[in-house]
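If you read the sequences in order, they're chains A and B.
Residue numbering for the first sequence follows this note's numbering, beginning at 1 and increasing consecutively.
Residue numbering for the second sequence follows this note's numbering, beginning at 1 and increasing consecutively.
Hints in this document: simulated from the structure, not taken from any laboratory.
Ideal placement from N, C-alpha and C gives every residue a C-beta, glycine not left out.
A few of these clues could be false.
[As the list claims (entries may be wrong)] Estimated spans, in silico, between C-beta atoms of each pair:
no.: 1; chain 1: B; residue 1: R122; chain 2: A; residue 2: V166; range: 45 to 55 Å
no.: 2; chain 1: B; residue 1: A74; chain 2: A; residue 2: L124; range: 33 to 43 Å
no.: 3; chain 1: A; residue 1: S38; chain 2: B; residue 2: L208; range: 18 to 28 Å
no.: 4; chain 1: A; residue 1: H337; chain 2: B; residue 2: Y115; range: 32 to 42 Å
no.: 5; chain 1: B; residue 1: G116; chain 2: A; residue 2: G154; range: 34 to 44 Å
no.: 6; chain 1: B; residue 1: S150; chain 2: A; residue 2: V199; range: 41 to 51 Å
no.: 7; chain 1: B; residue 1: V117; chain 2: A; residue 2: R339; range: 28 to 38 Å
no.: 8; chain 1: B; residue 1: E71; chain 2: A; residue 2: R233; range: 16 to 26 Å
no.: 9; chain 1: A; residue 1: Q184; chain 2: B; residue 2: D81; range: 32 to 42 Å
no.: 10; chain 1: B; residue 1: F18; chain 2: A; residue 2: I198; range: 50 to 60 Å
no.: 11; chain 1: A; residue 1: N164; chain 2: B; residue 2: V117; range: 37 to 47 Å
[Claimed, not checked] Derived, one-sided and incomplete: chain A residues facing chain B with beta-carbon distance under 7 Å:
no.: 12; residue: R212
no.: 13; residue: A219
no.: 14; residue: N223
no.: 15; residue: G231
no.: 16; residue: A234
no.: 17; residue: G290
no.: 18; residue: L291
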Amino acid sequence: MTTLLSRRTRRGPSPEQKEPVTVEEGTSAAEWVRRVMSRQETTLAIVVVVVGVLAAMKSDLFLDSDNLLEILRSSVIYFVMGCGAGLLIIGGGLDFAAGAIFTLSALMASKMLVSSVPWPIAILGGLALAALVGAINHVVITYWHVPPIIATLGMFYMLTGVDNLVTGGNDVIGLPQVVQDIGQGSILGVPNIVLIAIVVGLWFWVLLERTRFGVNVRALGGNRAAAVANGVRATRVDLALYVLSAVTAGLAGVIYSARVGSAQVTAGGSSTTLIVVTAVLIGGVSLLGGLGSIQGIAIGAVLLSLIDNALVLSNIPPQYNTIVVGAILVGAVAIDHLRRERIFRKR
Amino acid sequence: MAADRATPALQLRGVKKFFGSVSALEDVALDAYAGEVHAIVGDNGAGKSTTIKIITGIHSADEGDVMVQGERMASRRSAADAHEHGVSVVYQDLALVECLDIAHNMALGNLPRKYGVILDRRKMEREAAVVLKELKVRVGNVRTPVGLLSGGQRQVVAIARAVRMDKPIILLDEPTAALGVQETAHVGEIIDELKAAGKAVICVTHDLDFAFKHADKVTVLRLGRSVGTRTVADVSRDEVVGLITGAIPGDTRTAEVA
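Please build the complete structure, drawing on both the sequences and the hints.
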């Protein structure tokens, strides 16, 4: 992860840039250290290490490789959802329906699976339904001018009702073995679902950092009027963002079902929505839009999963979990704001 | 005004705009030619900003025509369409994204790509550096976030973006409003260079000194009408001020000016 963090600052003058006008920063070691240290991801990585060291001191089990893998495995859901939800927040939107889409896609895919639909088609079916919900969110927000928080909250309630209606409140159980093998298996010791999360993360990283679309997303989130004035097609970008957010929520739901072997009506829901948004914000994504990174979201997701794990292993009552998470969330956003005041002249 | 050098690069005819029952533009006409700096002056509320917004497509005209190189533009269009028609704009609020760096801001809306999908950051940064160097701008690293720049630096970055787009028509909305003496002189030099490069430069300004120093023609707006277009070399400052305030009545019909 550190190579990703420092890539931008470490790169020296490239051969084509002999123009004296591109005064390169980051050539001195001190400057490099300053820039890396000023990033939220660095602060977070330090917090992760500190929590890890404390946990290792309290419990011998913590550093066990199975336990470390379990931390990664349980962070997969937060991270996969966080990629779509975080990208949307960077672009100036918000999706509170994610937790219900999680359940909806899991139920849809599972219903198809238990009806003997081939598994790739069933999974695509679940994701397609999620994409449709994302598109509806976009229509309500863009054309009906309902603020994103209201539109997606309304969608959340409606989908929760739908989820319960179509299942009668019963879980869909007995998923085919092939799907459970994907959800529970591993390759060379690395759980499959962690590999899936890595692929999803890389895809989103390239999308955000290395494509026009990613720059347009940041521009819309950073200053919507300016982006539009410069010819960024806001409506198209928004549609893609809401669909991506919904699809990652759906994918997380499908992954979760594959892992546990059933689709649970009570999985997902409002707590999942909030935890994902929390992971994204702790990871340095600004609720004001424009700022944030996939690597930050990854660290945020791992940190939440790590705290969960460390508290259990340290025999600290679970009630403390939410206290700690809440404090970290508030602290992370406050630190981020202070940092931004120092970086930017306005805001 | 008949001495046409081919068709006007930008032409407005009988443009009207209402906001509800309020009439913002009554009748605006304008002919801007390549290789000329055309100033649009007028008091507050004369319709300068509305005129700019209609040209760029942020507002749509209720009546009248906007023609680029003789081609009529659809009244309903987006800012992206204006780009495609060869108009680049420097907005009064600059339209910069603070959290993006200088190079990204300069390329926004027209980001270079390689392999069809991947952002060509090297090309983007090189182009930004070249334009800034041509404009003799010192803003340091093109990777500096715009949020870190001073007002004057931001203004120059916004102009540099329009220059980088390399469109035949450049529109500047109050480019010197927020600038000091030295920065204003610098912007004036850039405008002179754009003119020398054969661009049609249209500059909305309330700064008459600036207009008289750099513009070839000046069109005066008053209460939503273009009340007269004059060649700067042939007109006195008093006459322009008179047209702005209404002390001198405008040309009877703007249509006849053209």
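Status of the hints after comparison with the structure:
no.	hint	result
1	B/R122 with A/V166: 45 to 55 Å	holds, 52 Å
2	B/A74 with A/L124: 33 to 43 Å	holds, 40 Å
3	A/S38 with B/L208: 18 to 28 Å	violated, 46 Å
4	A/H337 with B/Y115: 32 to 42 Å	holds, 38 Å
5	B/G116 with A/G154: 34 to 44 Å	holds, 39 Å
6	B/S150 with A/V199: 41 to 51 Å	holds, 44 Å
7	B/V117 with A/R339: 28 to 38 Å	holds, 32 Å
8	B/E71 with A/R233: 16 to 26 Å	holds, 22 Å
9	A/Q184 with B/D81: 32 to 42 Å	violated, 53 Å
10	B/F18 with A/I198: 50 to 60 Å	holds, 57 Å
11	A/N164 with B/V117: 37 to 47 Å	holds, 42 Å
12	R212	holds, 5 Å
13	A219	holds, 5 Å
14	N223	holds, 4 Å
15	G231	holds, 3 Å
16	A234	violated, 9 Å
17	G290	holds, 4 Å
18	L291	holds, 5 Å
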